[in-house]
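Two chains, two frames, a set of hints: combine them into the complex.
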Amino acid sequence: MDLSTTYLGLTLKNPIVPSASPMSRTVASIKSMEDFGASAVVLYSLFEEQIRHETKELNHFLDYGSESFAEAVSYFPDHKEYYLGPEEYLEHIRKVKAAVSIPVIASLNGSTVGGWTEHAARIQEAGADALELNIYYIPTNPDTTGGYVEQLYLEILQAVKSKVTIPVAVKLSPFFSSLANMAKRLDENGANGLVLFNRFYQPDINLEALEVEPSVVLSSSDALRLPLRWVAILHKNIKADLAATTGIHTAEDVIKITMAGASVAQVCSTLLRYGPKRIAEILNGIEQWMEEHEYESLTQMRGSMSHKSVANPSAFERANYMKALNSYM
Amino acid sequence: MANEQNTRQMVTIDGNEAAAYVAHKTNECIAIYPITPSSNMGEWCDQWSSEGKKNIWGTVPAVAELQSEGGAVGAVHGALQTGSLTTTFTASQGLLLMIPNMLKIAGELTSTVFHVSARAIATQTLSIFGDHSDVMAVRTTGFGLLASNSVQEVMDLALISQAATLESRVPFVHFFDGFRTSHEVMKIEQLSVDDIRAMIDDDLVNEHRKRALTPEKPVIRGTAQNPDTYFQARESCSIFYEKCPDIVQNAMDKFAKIVGRQYHLFDYVGAPEAERVIVLMGSGAEAVDETVEALLAKGEKIGVVKVHLFRPFSVKHFINALPKSVKSISVLDRTKEPGAAGEPMYQDVLTALMEAQMEGTLPFAMPRVVSGRYGLSSKEFTPAMIKAIYDELKKSTPKNHFTIGINDDVMHSSLSYDASFTTERPDVVRAMFYGLGADGTVGANKNSIKIIGEDTPNYAQGYFVYDSKKSGSTTISHLRFGPRPIHSTYLISQANFVACHMWGFLEKFDILKDSIEGGVFLLNSPYSKDEVWGKLPRIVQERIINKKLKFYTIDGNDVAQKTGMGGRVNTIMQTCFFAISGVLPKEEAIAAIKQSIKKTYGRKGEDIVKMNYDAVDQTLVNLFPVEIPVKATSTFELPPPVPKQAPEFVQNVTAKIIAGFGDELPVSAMPNDGTFPSATAQWEKRNIALEIPVWDEKTCIQCGKCAMVCPHATIRIKVFEDKQLAGAPATFKSTPYRGKEYEGMKYTIQVAPEDCTGCGLCVEICPAKNKAETRLKAINMVPQADLRLPERANWDFFLAIPEVDRSSVKMDTIKGQFLQPLFEFSGACSGCGETPYVKLVTQLFGDRTIVANATGCSSIYGGNLPTTPWAMDANGRGPAWANSLFEDNAEFGLGFRMSIDKQTEYAGELLKGMASSIGEELVKGLLTADQSDETKIAEQRKRVAALKDKLAGVTTREAKNLLALVDNFVKRSVWIIGGDGWAYDIGYGGLDHVIASGKNVNILVLDTEVYSNTGGQMSKSTPRGAVAKFAAGGKPNGKKDLGLIAMSYGSVYVARVAMGANDLHTLKTFLEAEAFNGPSLIIAYSHCIAHGINMTTGMENQKAAVESGHYPLFRYNPELAAVGQNPFKLDSKAPKIRFEEYAYKEIRYKMLTKSAPEEAKRLLALAQEDVNSKWRYYEQLAALKFEAPATN
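Chains A and B, in that order, are what the protein sequence lines are. For the first sequence, the residue numbers in our numbering are 1 to 329. For the second sequence, the residue numbers in our numbering are 1 to 1192.
The following block holds chain B by itself, in its conformation from the complex (with noise of 0.2 Å):
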């Protein structure tokens, strides 16, 4: 929030951050649950509260994060009915979580704005990105809703939606496109404290007030009533409903009186005689309003309608607002409704149209009305396709229920378009940045926007796209500068600048194919000027002839090793940027940036003020123009995404994702209920890492702790007979097996040089030093460039070794890890702390297990597409994994339990009456087997394999039935997985329900004490002391004992492991959790980029939260206390360190330190003590005496 002031200024801000700023100036309490892409919204607020900023009234808004949005608006609920003016922010499921209490709210008639960057839904699947669905879905709750169209708008309507609802006691919710607006960073007018004040009626206010529940007027409300009034009371909110919409355009007016911006409830722009007609809401408006202005110049009769106030629908206002030359409409929704007449906003648009034909008020003939559906999560709307829409709309019967932006091949729904057409405009430079997640691109990005947008006359508008992986993302930052405002919602595909900040994305993607002719290409190569062309492929050289680019190269990853930078290019590029995009003059933006990089970096410091300078100053000398050749001479083609031997789906899908053209699939190509093959992530081979592990055989211990670590699976283990070697690369490595069980075998540790991302875990856990060169440890850090294609040899041929036999191998030792893993390969943060017990489920249990997965890090990494990392056997066997929602996962999982326990019970039935023809003996052997080791399960499957042979043919009923059914009587492992937000808080209720249920099944917490998904809000998980988001001065209170809790059933089997403390336990638990019959939980420490922590001693972190005792490890089984035995088992050591010693190598705490230090001390103090006490407690616990159920 830029300074309180009672002028207004240009400020450039994102959208989320525009309705956070309204909301705060214009609310007393917040009650808030962080859901992307509203967390934002959120955590300003927290932190402008912790900061002491004041609302309006001069009081600093209270700020709550709650344990779902159902408990957010739950508080919400209460604080308004006990008159304080409240807001939420939230966005899809969040808001469906919060139906239940919108429609009491706007059945009590509450004054109250939900602020929501409207999100798709998940249906056949989750998305993240934008569109209405989510607001759809709350049409019948009673709120009004108010779309903005622009970050602008945001702003603005924010405050008209505030001053409205006061007015007409109707509650809103105020929606903006997600990430298309709550992320887009644009230069706008922030309004000021006295246009605020101006806008908010303190009477309206004491009205507010004055309907609130006090003992001193007491009143009930939430009553309960009967047939014979509640239709009645039902329909007494009609006069609210009838007055609101003149309600909100008086406030619109009466905005436009102190700003100056007028808007209506719908903004008609376009030609006054206009024959075809746009409907639609949201950031798709800007593109059209856009579109229109080009098209008009063209002499097209055209205009749009652009919809503000949706609920309540105004007949009358949206009537007069369509020329009366109208003759085809054109509705479009952002939304889809399956098996409805239409989507919403057409059926309105429709009814208030065939209405006002009714009754002889429509003021010109009835239009023709189509609908169209746009844009579901973030799909790209581009000028090129609202042009087919309009041209769509001069035919005589054009296509009804369209799709745009898309090709439906199956039921022909979509307008085919030109995409070559465009309306960017020659005074707007478009500036396109590919960079690495890590490298800073997108908040130099940033930087220069607030550079171009506040130091000059400028507009600026900067939208960043990412992918979905967590380590070695991608970035591509879309930034335009142009004199008039700018609407174009959509990406850039005619670049002026495009710079690529990372070598490695030159063959994968076709980075230049949105420049334009004469634009400038600017490389972050490690190849001298003189070097360079003749590294880059063939279609980049193309590229730069036939588009005449100018080129310009720099060795930035040097020049930031050199000036202390480490990975980080930003200053570097941006510098660049600023250097030969021609935006400023050269001079005035290097002294911009250096102003820029003092107010940014400052409060951090005078070294690395001065670091950034150097930077500065570095890049300029190091920056230099690539000389053209004529002809292009490179005989590298970019490679193909996947290798020749992917399966057909992986080929013709996947590949198409993964690179960069998923816009181009067909509907045909997409499984139409959300399912997808498994053990796709071994083809995309990502090559992020810059170092990979290398095996040092003859200093090897074989302990597998290498393995048993890695996150990404890249390291296997494996032992095989001799003979396997033949035909072995010159340069794969084996050694003999040391041990008895394999004597005489060899052992491989193989590394998969392609997909290791270089977090060094590995080489941190090794225990084994080179004699010679204590330095150098059994497996070591290596530069990957020159040992990827021999490497890549080698793990070919390690793949094709066979498997060690399940069945051979000693389970409950970590030197056992040849167990296959069947999760590879994630797109988890390089170095992740979850990955590795999500691994050793599946190397335990994988070929039986089925997974329901909570939403979060673990079910984005474990489920966004292109590819899962999810993975099968030889035999086709693996892990089945879904995810549902966040909340629901635990009863998720029991509902996988019951089914499955229901089925193996039936076939049972089944099979005990079929027995005579099938064979007693193989009968009985199924329905009686022992299935608690590898080999007996091996025998299982055999019976199954020969109960299926005599299955085969027979025709009756039964025999069909049970054949259906046979796979459940190999035992199944149900394995629930989330994180400590769903656990701890949003599904706390649902765990601590399905763990009463005594059913078996294996409920693993992965517990980093933070959301790390949504980026380190505060869980009930967070320590005490640590800062977080929505804790941002330190959590106060101290973290919940989740294993406690659990272990009052005295029936389930709880436990607390951390890998990097005692992997032996991890293990041991794990197989122990899983053999339990009934209800196991595992709280499982898990190390995380959120702790701010160097990842590659994430270990050692683990090893320091159990040393310092801050988290203990025991296991809780309840069949210790059947044979009279202490269930509890304390398995770590008295605190050996101090917490302090254990904190402050983690950022989370120490920054407060640095922020707060009296309070660090304070908390560091109380931390300690909850170590002390929670250590007593145990210790007691650990000593307790039992005795053995006295026995009849």
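Extracted from the complex, chain A is given alone in its bound form (with noise of 0.2 Å):
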């Protein structure tokens, strides 16, 4: 039975990658997780802004109060020397390569251009077989326009792309007024990979505090239409390989989105729900079903279902909203 898959120029074992999260935060979950199966591992996310708010939070507090008291000058000793980029993230990547011998994938996260891009470089440095480059950009502003949000997803590709010569895939959100367009620009721009979808933790309100909250909820199977209608009908559109993340919990699940046309299936929710065990257990479940199936390898379901080689694409298109209405009635 044959799992392998080829992602971002990478031969993979099997298409099971865990995903941006913080079962990738230390060294021995990854190799747990190495243990279980998994075929790569996209490490949890360096943030642009985390970088630039400690840059400037360490800035304010130490200078803070300072030079306005004759017996207080000063309130803490100066160091000479900060680690104020990506050093332990770095240095994390060095370990998890040194530990394990699937391919680690970098994750860098950010929504504007700027220097922060120059972090890509030193990730390729550190040793990173590949990078994820998840823009997650809300506008919010009325002004600003679908093009210009358009325009910096390109720009920052472009940008990072200019720093490395490793693999880059981009994981957007599927908000944009035409995906697939979207997707061939990115494609277009060298984009090596396309993740659908960044899942954005939507927040919630507490009533008793009447505070907005940031609310993390795992995500269930049910989440997989969003990607696997976008997978299939992106397969053989665009150059780029495409991974599905959101909602992917079982067996089925990757042979779905396998045949949607997806080469990898990135995992979070199952992960965190079950362990990295689980991983194990759907493999062997994939695994069966094949066989049940008679099918041989993945490379012969992969995109077996897609929007070009159904019998009948419009399910993926608006047809499909209409039945799925009628099949309430």
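Keep in mind that the hints were calculated from the coordinates and are not lab data. Zero decoy hints are in this set.
For lysine-lysine, the following PhoX-like pairs were computed, each having C-alpha atoms within a straight-line distance of at most 20 Å: (1) A:K56 - B:K604; (2) A:K80 - B:K604; (3) B:K936 - B:K971; (4) B:K508 - B:K685; (5) B:K698 - B:K769; (6) A:K80 - B:K598; (7) B:K594 - A:K56; (8) B:K685 - B:K644; (9) A:K95 - B:K1161; (10) B:K1145 - A:K56; (11) B:K599 - A:K56.
Listed next, the stretches of chain B that the computed footprint assigns to chain A, with coverage defined by at least 3 CB atoms under 8 Å from CB atoms of chain A: (12) 45 to 54; (13) 430 to 443; (14) 468 to 477; (15) 603 to 612; (16) 1007 to 1020.
All residues carry an ideal CB built from backbone N, CA and C; glycine is no exception.
What follows is the structure in structure tokens.
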């Protein structure tokens, strides 16, 4: 049974790749995921905002209150050197690379074009096999046009691509007027893969405190439908590899998304819920299913249910919506 | 420290750094304790050692912080005795605490140099500023006393004294003037490592080692001797002192050969045929030097002897230094020795001359010698004063024992002087900058000095004047630049350039009084170049016109906001200075600023560099010259510093100090024993808040939390009858009281708009939210400017409403925040975490409280002139407050208790004796009164009043004596207040003794976990993993559990509180502690600016400290054990967040993850383990079963 796949030019023994999450914070946890069969790992994200924020915070508070009172012209010792950049993250990459043999995909999360894209080069130096660029941008300003947002994505991709030679995948949100066109343009601008989709953590309201709070809700298999549709639509329409993420919990989910055309299935919620052993369970499930249904390889099924391959492509289109509603009547 | 170099280089550093540089290079062990203004020397050494910088022998000196100066010098003594080259740094009281050991060290002929930034000592008042009182107090220790008069000399003589002590075996105090030299930034030549090596003889170092204690060659030292031998043994050292001056001079000569600068024990400068000579030492000698140069040019026959080696005093060298033509001498001492025949140096000079005269060796006729005192506590010492002294010496009978620089209208000792006399040279640029403490002005100016000092051949000098407030403080920077070395050790009064970095200063100070004609004035203004003129006060307009100033303006705050600089206008105003002052060509200057930004901020990240670059560029396009009209048109006059209704003393004295004219106050204006009226902060309207809280009475739930947390007592609550509203200003708010206690009455929360510091703690703590717009609470920050006048009227109206009757208030509820605070409007940091506790004491017990306050933040915001926040109620009652010292505070408070108890006992005895005439019932009432609540205390006050009535007019001795004591019948509440530096470290021994005494005192430890007042040095309260000075690599060990130690007595009420975590617990604890008839110890978590936090959210930080288990709340009440209950109650819940989640909200912990990430992880893990094990231990303590003691 051949579960192998290629993603971002990397040959992977199977399509199960843990996505960027707290599961990749320690080497031990990554090692364990490898032991249970993960074919590659996406590291937790290095956040642009965090680096910027920490830099400003440190600068602000080290000076705060200084030079205003004769007895206390400062409040802290003056360290000659600060590790303000992504040193900790880079060190983590180095350690993970030394400890595991599966490919390591670093993740860089940002929403502006700027100095932070320099970090991509350092991530490559540190030994990452590929880079997942997670662009997380919520345009709240009504004057911001869709065109502007699309251009921003492309510029960030170009900036990062100009700094590295390792493959770059773009993890993006589904909220584009024309996602297919956006995917095509990212493809044309050198994205080696697209990761569908970024799971925005939607805020919640705490009724007692009357405060808006971040709220993490683990996904369920239902969430797979969105990436499923778009993987199917984009398959063979763009060169870039497709990775599906969000809603992949079972062997069946992996098989579905592979049939839609995904090269890899990124998993997160199910690992957080059941632990790394879940990878082995899914892999076993896939093999069992393939055996029962007489499939020899995943390559065989990949894209078999894509927009281009299915008998009724309109099922992925608007008609699908009509049908779905009718089914409730 | 600049790079290790074998060639000398020019550096711009201050005196402390210069001394520390040599000390670190020439010692192996350094034991220190922070005290202003010497702390920086220890901090530099600690930092250099933590960076691995080595001494001249190639090893990194060991640095240790001790628990007091007494401890530091003990460690120094021990390290010396075991053969290490050892030093310490101190000043003032610190030096005094070292005296016993200094006598030992000198008695044992031990080579060492103590570097001292000489400072005034606490007498009628404390002062952190410079004079020689401390140094003069150690004359008898046998230490040599070597004075440096400038920053360059500090570096040079630090080395010379080190060389001399090794050869002479006489230990040295190498001293220089606190602040004037210790904090003056100067361009000097830094000695190279080779210079230092060449001066230090390794053979002598090895001799020092040979004298060390070692079991290989055991000896004993520190014996006890009897009358038969002590005297002879004492005399045995004399020969070393005899030789010492020549050894020092030889070292100076050797230094001159190596480095090129020649010093003498007594350096004479002046006319060879001078007739009038001033003798002095310290920074004042520089000003005299400059004045002599100016007056010599006018043909005056004068000179100055600049003393370097004061002890051992070499008569020979001194007389040789004097010109033979000398006819009159004025010896100037920067100290006062009340009751002495004369000040110390005067006496030495007289003795030297008279001895030579008597022995016939005086090479000239005995001159007339007079003594003068100058410059106490960094009082200005200017060429004008110096000229007056030379002029006085012309007289046939010059005034002796004179003072200069003050107006002594009591003893008429002072010389008058013509303040307009100046020796400022035309080739020196003199610039003054008025900055707000928080805006980075001083830092930027230090940077400018470095740019000019290091990038150009010019010499540079910077001196910085701070006021005594910790929030909204004013800084005045005095910068000089010129082609020759600068000797002007006095403030600028002839400024070519004046910058005002904050608009509000224009109405507080006469900013342009020191501008010279044709000078430049730079103003940071919120108004455009076209509007600004019309907004200026009249005095500013007049000065600009009359002095023909060039006037430039910029909206620096706007540029700062737009470029992300926030409230810091430092880079912006610095750029303006370089752009218009002409000190450097503009392009060159801008390039230099940018280079310096890169150097300063590079390690803090590219974003910060870019932000500053942007600020520079934006400054240049936003800086405009202002066209100056021919006539002043403004009608705005500077308001008086205090309102007309302020009391007489405040009008006559305090107001002058507030306005910056304290120097003009005569001796007669000052209380002669250090006693000042309280309740004066209310008259100093500082208007420092940009935004103030405004109450929304409709949203308010009347919980009282805002008033409870307000660090400055600027949020007040009253309930009152409806009729009180008659005549209320239109915008005065009130709402019906919610609750049964005062049903039908009105409720008002009022903010003091001109006293509020704008910290925002109240808004953060407010639990009520506006239902329509949840970002709004029941109290919200609003820009102050437009509210100032209407809210001032509201505040005044509010104050006139009578206070709530104390007897009616439910003391144990937060809602009951009606109690009048008798601690208000302090100069503590905006958002201070300590003052809410202090204020609470005064609300609960203020009208019968007496406070012993340890030196530290609380003594400074509590008692630093001009005003005090300690206040009084409408009856004129309030806390009586005193600060003795840092180390003795617990004992000081115990003394209060002893004294009050004794007086009460004696009064009782007298009362009983007079019972028949006074009336048995009244006597019995007075002696047995239950004073456990406010109602009962009020009844006792009535009895005391009745007793006073009865005693009035009775002329018996007993009656008079009783009358003097009767107030003691009202229960006195003794509070001993201080920080963790006091309670955990320097005062711990005393605190331990006092809690063991069983006496009824209440000890409040304001636990900021760091020495806050002196700038963030580690104490034993500092938690593991936190970065502090002397723990630059994170504190390696855990926080001392003071509470647990105190509990071990079993007889002490002990509690740990954190208002931000549980305000009600805090309140109840204070009530319990005070009610406990024995010693109580409350350890109160106080968030602090030294934690590197947003002070607005300080209460949140407190909550996190408790929720993480770092600061569990508890009470230990011995009374419970007596009734069979466990006295220990754990009052907080099991940790619900990880230590990390609390710690990394604070830069003190977080910065370690940026400077030493691996160590940060290690310490974090250990700190979490501390929390876990401590919690387990507390849980077990709380679960212990107690049984009631068996009764017979």
